[in-house]
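Novice: Based on the hints, put chain B in the right spot on chain A.
Read off the chains here:
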Amino acid sequence: MQASDRFNINSQLEHLQAKYVGTGHADLNRFEWAVNIQRDSYASYIGHYPMLAYFAVAENESIGRERYNFMQKEKTIKSCSSGYEVKC
Amino acid sequence: MYLYNLTLQQATGIVSAINGNFSGGKIQEIVVARGKILSLLRPDELGKLHTLHSVEIFGCIRSLAQFRLTGAQKDYIVVGSDSVRIVILEYNKEKNVFDKVHQETFGKSGCRRILPGQYLAIGPKGRAVMIGACEKQKLVYVLNRDTAARLTISSPLEAHKSHQDSTGVAAGEAQKHLTFYELDLGLNHVSRKWSEQVDNGANMLVTVPGGGDGPSGVLVCAENFVIYKNQGHPDIRTVIPRRADLPEERGVLIMSAATHKQKSMFFFLLQTEYGDIFKVTLEHGNDGVTELKIKYFDTIPVTASMCVLKTGFLFAASEFGNHALYQFQAIGDDPDVESSSSTLMETEEGFQPVFFQPRGLKNLVRIDQAESLMPIMDMKIANLFEEETPQIYSLCGRGPRSSLRILRPGLAISEMAVSQLPGVPSAVWTVKKNVNDAFDAYIVVSFANATLVLSIGETVEEVSDSGFLDTTPSLAISLIGDDSLMQVQPNGIRHIREDGRINEWRTPGKRTIVKVGSNGLQVVIALSGGELIYFEVDMTGQLMEVEKHEMSGDVSCLDIAPVPEGRQRSRFLAVGSYDNTIRILSLDPDDCMQALSVQSVSSPPESLLFLEVKASIGGEDGADHPANLFLNAGLQNGVLFRTVVDMITGQLSDSRSRFLGLRAPKLFSVKVRGRPAMLCLSSRPWLGYIHQGHFLLTPLSYEALEFAASFSSDQCAEGVVAVSGDTLRVFTIEQSDKGSYTAEEREAARKECFEAAGMGENGNCTMNQMENGGDDEDKEDPLSDEQYGYPKAESSKWVSCIRVLDPRTATTTCLLELQDNEAAFSVSVCVLFLEDGRSLELLHKTQVEGVPLALCQFQGRLLAAIGSVLRLYDLGKKRLLRKCENKLFPNTIVSIQTYRDRIYVGASKRRDENQLYIFADDVVPRWLTASYHIDFDTMAGADKFGNVYFVRLPQDVSDEIEEDPTGGKIKWEQGRLNGAPDKVEEIVQFHVGDLVTSLQKASLIPGGGECVLYGTVMGSLGALLPFTSRDDVDFFSHLEMHMRQEHPPLCGRDHMAYRSAYFPVKDVIDGDLCEQFPALPLDLQRKIADELDRTPGEILKKLEEVRNKII
Chain A
1 MQASDRFNIN SQLEHLQAKY VGTGHADLNR FEWAVNIQRD SYASYIGHYP
51 MLAYFAVAEN ESIGRERYNF MQKEKTIKSC SSGYEVKC
Chain B
1 MYLYNLTLQQ ATGIVSAING NFSGGKIQEI VVARGKILSL LRPDELGKLH
51 TLHSVEIFGC IRSLAQFRLT GAQKDYIVVG SDSVRIVILE YNKEKNVFDK
101 VHQETFGKSG CRRILPGQYL AIGPKGRAVM IGACEKQKLV YVLNRDTAAR
151 LTISSPLEAH KSHQDSTGVA AGEAQKHLTF YELDLGLNHV SRKWSEQVDN
201 GANMLVTVPG GGDGPSGVLV CAENFVIYKN QGHPDIRTVI PRRADLPEER
251 GVLIMSAATH KQKSMFFFLL QTEYGDIFKV TLEHGNDGVT ELKIKYFDTI
301 PVTASMCVLK TGFLFAASEF GNHALYQFQA IGDDPDVESS SSTLMETEEG
351 FQPVFFQPRG LKNLVRIDQA ESLMPIMDMK IANLFEEETP QIYSLCGRGP
401 RSSLRILRPG LAISEMAVSQ LPGVPSAVWT VKKNVNDAFD AYIVVSFANA
451 TLVLSIGETV EEVSDSGFLD TTPSLAISLI GDDSLMQVQP NGIRHIREDG
501 RINEWRTPGK RTIVKVGSNG LQVVIALSGG ELIYFEVDMT GQLMEVEKHE
551 MSGDVSCLDI APVPEGRQRS RFLAVGSYDN TIRILSLDPD DCMQALSVQS
601 VSSPPESLLF LEVKASIGGE DGADHPANLF LNAGLQNGVL FRTVVDMITG
651 QLSDSRSRFL GLRAPKLFSV KVRGRPAMLC LSSRPWLGYI HQGHFLLTPL
701 SYEALEFAAS FSSDQCAEGV VAVSGDTLRV FTIEQSDKGS YTAEEREAAR
751 KECFEAAGMG ENGNCTMNQM ENGGDDEDKE DPLSDEQYGY PKAESSKWVS
801 CIRVLDPRTA TTTCLLELQD NEAAFSVSVC VLFLEDGRSL ELLHKTQVEG
851 VPLALCQFQG RLLAAIGSVL RLYDLGKKRL LRKCENKLFP NTIVSIQTYR
901 DRIYVGASKR RDENQLYIFA DDVVPRWLTA SYHIDFDTMA GADKFGNVYF
951 VRLPQDVSDE IEEDPTGGKI KWEQGRLNGA PDKVEEIVQF HVGDLVTSLQ
1001 KASLIPGGGE CVLYGTVMGS LGALLPFTSR DDVDFFSHLE MHMRQEHPPL
1051 CGRDHMAYRS AYFPVKDVID GDLCEQFPAL PLDLQRKIAD ELDRTPGEIL
1101 KKLEEVRNKI I
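Read top to bottom, the protein sequences are chains A and B. Under the UniProt record's numbering, think of the first position of the first sequence as 1, with each following residue one higher. Under the UniProt record's numbering, think of the first position of the second sequence as 1, with each following residue one higher.
Chain B with its partners taken away, still in its complex shape:
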């Protein structure tokens, strides 16, 4: 079995975030590391976050830092990862990619304790960078620039401390030290300038600005204290204020820090592990720092990193749950609880604490949030809504910020308006008054016997002075020439000049117009019976009839290609006929209406659209690739057919088709981020657009639409107006991220086990959380738990509940709160006895001796794993009755699955198959986090190091056990090597690089192949698709091989080594790497394609095909 790994939703959690001007100039940007992904975010003036670029680096990012050379305008990014290389990146604005400026190797690969990469520090003037390991090793690189102003990097200078403590003797009296290093540029040497003992609870350092800006030195954040230290300066110590309800034994630790520096002042924001932000200021003068003040600022969810932007925003990258962008309302100048070094009281019991009570936000206001699914604790794929494709139900977040999110593949949209219309409209258009206008002037809606004109202004209202005929239906409305409007109705064409003059053209005889195609300068109409009439706009703006052409039969659809820049007319007209053909006709005066090519298709075309695609790598302003003209056709059988039109000859080549839905797709041209895109309306809407060089076809998370047009007004620059039923809808497409999923947050509440209504499945995740007493909390409460967290309790206290949810209405149909602390896990036994799918009834409790971590139904009875004992229970009247058990598992069992008469058991260190006689087990010890039963002989599993693997029972063993009347009893009794008599074979092995918490086999598209989907702690979703043909396997493994050679990962990790981080990768092809192919420069694409004996186009098509099999 060969699998293709593809990430469906990139990780959403954030490891680290830095801010700076990465594209140069004044624009504030944020670079975030999401585990193995590096992305660049930019908040716009209104405070909406946009993702500009996102790239998978096939490595694990541990730290990020930014620096700027003196006098430069642009920040560079230093990445500390597991590649054991120091990598300096620069954001390339033109190409919209990160360019690798330097990559220096300093060790062998891995994420190990003496290999630098965990910590990064930048010299105050951007002259040097120090990269440190958890233990011992520190390297310093000197940064400079050469005569051409390019960044240079020196060879590394070692700053290690050479002692080691392998015996642990010194560890007993271990003392943390704070050391200042000095780089002597003249001697090219790093010296330990000064070293002093610090508090043993120290966990973070914050640089204090020096030179003209401040007193220099550092803030040492330690448990409960912040200490100012500098060479030759006495320590200034302040206690961190604590929440009044915090248990005495708990310390307060600073988790993240941000510095704000202006010309005249600077301050620090420090956030504690409970989410409280403190503003730290220093009083300083000529004789150094005199006072250190910590003032309560605000409380937001705990962050992994905070960034204060110069534009007055605070970006908070949450540890778990959605990230947020806050705007500063004030900088905490109002009086509040404050702790100061000058009032620090030392008593006999230690330092006197300062208490405060968290309050509502005063200095910050949240203006945007970025969705984060982190951590996905469990995930089920089911089609509860009976839609075309199944939904993914995931349990995200934790504690008070946990939620059940329903994910659907598709782009997020935001609905701006829905209005009722007097009848059922058939079509809608938008039109500008002048070619140079930025915004549309009218929305025109056509009904069965009338046309309604709405003018767009401050409000949208009906007008009658537009010149459009409102007593007939319309077939097309568009801007013609520079400033005149055209209305095509069944009996003729109405041409409305800018000054209000109206020219009418009437159809000859009783024939009516059935189809129209136009592009602003050219118009073609099709009359009933199959006659085509071609019009052109002449110099004076008149619409002139140019040519007539008789087709063999009725025309089903028409489209004219957009006018190429600098040309008078476009050369191509596409005509679809009911005889299952599409013809390309020429519109050139020389060979007007000559057929250039014919394409036969599987079903009559319903809609045609020419789309000019610049398959660029998506720089901000567009393309460096030549444009390609694509002809798209929506066929009546629901298939979208795409083919490339040769720009000169009009020949059609390289066709691809994809099934979109049950209705014939109607195609409309829209704009997404200023570039042409295509909206396809089938039984659900789809958007075809360019993303990082790929043409992607992605469904929109919206209901089925009838007709659509692009829409632009001063409220929304790139919107879509559409009709559906008797409503008119205006919406915008939120973001065009690759393969993004939209999550509907159904309910934010505490959930540990969820039982999708009507399904006999339970996902229980072991979360240790405290609940805040009763259920009386109010969402509007300024002190909501979502913001402030639950009060901390001892780690032995448990509170949990079982909830049955109806996903349709997002209501809880049953809530079972578990009472005593001790009973919390054993009680979950009763989950299996689902009463009627709507509510649960507590039947009885059964006391067991350990914590049952896994439960499963097996032949009408209950299998429970209690510690390392697997036991079969039957339902009794008062309690469960013990039937049989197996005590021979070496470790705690964490999952059980059954199929027919086999039981598949995942033990936290070993995976076994069991018939109450273990008959086969795995040879590799594993820390299992998720497992899924694939087929009778195969299991998929994931371990906590981020590996996914499949194991299979050898065929002969499987046959043997089926034939054996004792079910393997005799064989088991003989035993072998303390384990089961037979071993399973590992057939697939892959390092995902993220901790997989749930696995499920599912098919995400109707008629598509089944794949294994996984959800991870960092909030990403991925799929493993089995290949069906040997050819594909060959092709993709070669493509992967060439990609590894020609396009090594950005941060210097060897791709093969990364995917084999714990076990050698086996039979999995990394689709994420293959999908970077379109981002390569053209010559490199061609080189790889040549090696594979194909054209780059064929490779792109192949990549698209395999993606379409999954989603």
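Isolated chain A, as found in the complex:
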């Protein structure tokens, strides 16, 4: 990378995206967007204890099990819509 490239807007954006997971960009496809949303949601459920408790009551599980389930899902979301071609 040349020194001048470091300051162009694209490389700055890339840097930001690497630093802040979940930051969107112009070329974000639908799948990536949805994965981000879902991961954010699960992380938010894990962080907000009352919400975890609410889910735990509804699903008749312990709060810890709910947290574990959300964590497993957060880590392993593969596809939001089946058959969608993943562009790498």
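If you are wondering where the hints come from, they were derived from the structure by calculation, not from laboratory data. No experiment lies behind these values; they were computed from the predicted model shown. The hints are all genuine.
Computed, partial: chain B to chain A, Cβ under 7 angstroms:
1) 62
2) 111
3) 114
4) 203
5) 253
6) 255
7) 375
8) 994
9) 1017
Backbone N, C-alpha and C define an ideal beta-carbon position, used for all residues, glycine too.
Specialist: Showing chain B alone in chain A's frame:
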């Protein structure tokens, strides 16, 4: 509309708990996070839990950890919250507050996946703390101390892993890793020392003590397994024993862990998601760990955190339901089901499981419990007992530990004794024999024509050698001077010296004594006709008459202020007269019996009490604020009148009054936690006491009392003895927590829908629970479901029942068990057809195509929400008859309310108003959890993110729809933007920070304004009170603004940002923040008061006033 938000009952559920010595020294304490509240608990030697301090932090606490610097005596607290700041707190014993030692910002605010705060880890010697996010980010702070031994914190060191997986490709073959990080203090750098794959079901790590104490390394708790891992050490794996009745497909997951470490040994307690606790021990030697053993220990309800205290207690913070403190009877040395790494068998189907059967408690014994309402699933406010104030009926807990609790505002008391007396007593006193005695010697009860003396010892029994005259009634009994007793009876004063000599003073002529006031060194009596006679105790202990004074009329009550420390006498005498005045007279020798000030009141005073109040922030030993002398007067019209007495001039100022009940309040001085407090007996008892700088007046949850006195014996240090009817009662006031509610647990049973007898309301909460077959379980059964939980079933199985309860007798008048799994929700349709208020009869079932989540009566017919269809049914003979329906709701409808000809519908994502033509809806999609209809045009709602909001139909739309003969049909048919033709306006918006499950409009005090009450999942109750005047709104919004600036929340969350977490806060003033005003240092209080053009006293009064409007 402007609202004032006030928490009535702080959250009772616990997110996380840690133990340590936070106040320094050897005392074991527990810090618990209750969502947005941080509190410090201390179990005493007897194992009773006391809450020392509790503070709202206006943020969401996600994790807690404690650490100690090498050689220090005191633990610090690290808080991981949504503030995106690392906060280190220290408990200040003197002031009884948490002091913020450090606060370092590391990101923008929020509770998001890459912002650290979810996990905290402390370096083994307290040298570093790592704070981690759900994903990617980890920061390490180095902790040290400077030359003055103060704690220092470094700038953060990043320990992130820089890959990210936005495409999800890697997620397919995702593998969990265990990574050891090493902090190099010399290079000031964190390195990934070692990383290895672990079981993908891993969910928790437990540190194994290292150095001289143990082999070091970690225990990785994964689904079904516990694995010991260390660098350069082979994995040691053991299977977690499973309950024999557990379905095969279910795993066993460890939920909480506690470590116990002594000099010679250490062990771990791990609790599974079913509540079973296992003791884990490691066999280790020079060549590392050789064996990992997991032995069944005991079973207690599932916990969020466990703490093993060095004093032999186990604190179990339950996920749902009451928390408990257990004492260790044994440490599980007896043989029991055990799984060991050395006997682990791997077969073709996997590892061979080990089974066990839960049994009764063997190693633990429960000695105390702390009440938890978590989760409040539904709540109704009604006055079923026809008391002065309505009761709150709440459905708490879940599954086998669920209960219906009746909450009343008031302090809990515990009754110690009730005994029958031979007649109806008029008064009771307690008296010590000597000023220096710790405990009272006699209880003296006065009847209409006699006096009964009881001596307090091992037992309480009648004595006749006390020297008190028992043939007349008594007006006052007290200790006078250092060691002599005084009995005032209508004809004179009897002074009993310590050696048994008796001095009598007789009233002149035929006049009788009507009122007495005394304070141990001074006595004033009022004779009939209005003459006051003043006595003093002289140097030799004699009671000497000093002065006489003629009043203009009869005296209704008297009181002498307590003697200030280091003085001979008190200067103030308060005299209440039947001409509606209270006078302050001087008792100084220079101007004896001169009137210092006069206060006129609304009705004749009945009782007077001087109370010296140190409005401190409540340090353990008292005050750093100057004392204030308050004169309290109970007036005949039931009002308590309080005014400040100037300590020098005796001038009265700053008066406040409050209606307490239908009877004139009688005032008594008692002690609460060693500090003076006031007991007011009106048609119900009240306690006035200091809590965190506030003077609070709170009702006691007890019946009406006639007369009371403080009581102290070696069984109970701070009790109250009182008379009521013909009984003598001894009780203690349990705790003086702010605005606490006492819950009477009426019945612990499974309840989903409850129908308060005689009320046509049903609260149905959707709980998926399994019931344990028939109703044959016994409470004494060692394997009660309360302790062990129901057996787990598949998630598609349902069991539920409908129960009609009589709250008075706590009995079930009707129990309807729902039979087939499939029918469980549809059947609840029949709940509406209440037969005679006592029992239910199953009329018929109607099959519908979906799950009806909401039902409501509407103009004699039934509205049912089936999925996203709203349908009107009429009662038929064999089944319900479909009348009309609306299928145009976008999402599942979760609540319906009706008023006149409007229907208010809460859909899980949208809130609409409907006349079977939707004519207005909300613009914001919401996940609704509760809704309540406020008035014809207004609805209150709460969503699952913890917001409460009010929406109102614009006036012109409302008028238009009322005038429209088609009821909005034409307009609806035109439609707009796929929704209703009109939109409602959001008028109030507030983030509670806790998931609100029920809303109701009610008035909690007689004659008080109506407010909206809410109950939350974490077990807290709050109220939203509408302001009635613009001035109040101005005042409180300015106070809130200054509080935000001068007293930012403890854990670093910006208050405004917190209350606007999802939507900007609108027209709600946070009373919880305003109420922290008295906890500020005095100069800061004065600064804010100056900005508001008031005195701190006026602000305190204002805060008290608004609180009194709610409760």
